[in-house]
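**Q** Below are the chains, spelled out letter by letter.
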Amino acid sequence: MDIAAGVSGSLAAIGYGLAAIGPGIGVGLIFASYIQSTARQPESSRMTLPFVWIGFAVVEALALFGIAFGFIWATGS
Amino acid sequence: MIGQAVALQSDVPFPPEVGDFYLPSIVPWDGLNSLWFTKITALVWISTAILIIFFLTAYRKPKMVPGKAQWLAESAYGFVRDNISIEMLGAERGLRFAPYLASLLLFIVFNNLWSIVPIAQISPNSHIAFPAFLALISYVLFNYVGIKKFGFRKYMRNSLIPPAPWFVLPILIPIEFFSTFLVRPFSLAVRLFANMFAGHMLLLVFTLGGFAILQANAKLAAFSVLSWLMTIALTLLELLVIFLQAYVFTVLTASYIQGAVSEEH
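Protein chains in written order, with my numbering: chain A, 2 to 78; chain B, 2 to 266.
Just so you know, the hints here were simulated from the structure itself, not pulled from any lab data.
Glycine included, every Cβ here is placed at the ideal spot set by N, Cα and C.
What you were told as hints is all true, and nothing was included just to trick you.
In silico negatives: residues of chain A with every beta carbon more than 12 Å from chain B:
hint, residue
1, LEU12
2, GLY16
3, ILE26
4, LEU30
5, SER34
6, GLN37
7, ALA40
8, GLN42
9, GLU44
Listed next, the stretches of chain A that the computed footprint assigns to chain B, with coverage defined by at least 3 CB atoms under 8 Å from CB atoms of chain B:
hint, region
10, 56 to 62
11, 65 to 74
Next comes chain A alone, as it looks inside the complex (with noise of 0.2 Å):
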């Protein structure tokens, strides 16, 4: 089979976007949901500040282990 195009480079690269879908998303849901409890309840505004930032942490996590990973697996072939 002739190839007429080609594409030269890490896939990793194309992983890693795709997984970034994920956290990404998750993080704007987070940011979301805060301001508009703010908006809402403004009082509340520091009480739930902590729990966004716990929030933000554990969903970004993923979207790090994608970074690492890449250049972990990177070698395997």
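Got chain A; can you put chain B on it based on the hints?
**A** The following block gives chain B in isolation, referenced to the frame of chain A:
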């Protein structure tokens, strides 16, 4: 002329690699490849020294009306004590853990800051060893505090057996074990490491990318300027990430301690 251009082109190692994080030894001990004293080591020592000296001098003669240094030290410590420690752990336990959490936060902040300080330009935390050890300390700390309060059996029961119907427990207990005792320290370490690593990588890509564009074609100079402007913007983003990640690490440590000592799940 062409040969010179090729030589120049090979001067800019364009796609930055993991190898760029392994800096050469400043003082070779035995053999050039013994990496016992690199820029990373030096930066950790310097940030530790700055921390110790700053807090010792700021608190040497505490005054009722604080001077600049004392004000800075007090507001940094006060921030951790009031906004993280006491808020997450309660008044009494919060006061007890405030010194550790404050030193943790400041140590991470100072080490992270090296990633945007000119000349230094790399954070020690972009090597997994430092975040991994900090995470290990937090891991040992929250387990120790929990075991000390409840005893080993009760602590395990508290942290592994959630209040749930008995027939889901065979699934829940392994998940709880996995998330509490395996994923927690791992994610704590990897989060800080990957943020610093990715930040350094981004800055490298845009800085070196500017040079690579310039050398590929001098007519594209406008794009390299754009690339360097991006570097400046990303440096500001990096500044945000530095403080955010230090805060997140500290808040998570506090929340793990809180989870270990709380009676109900």
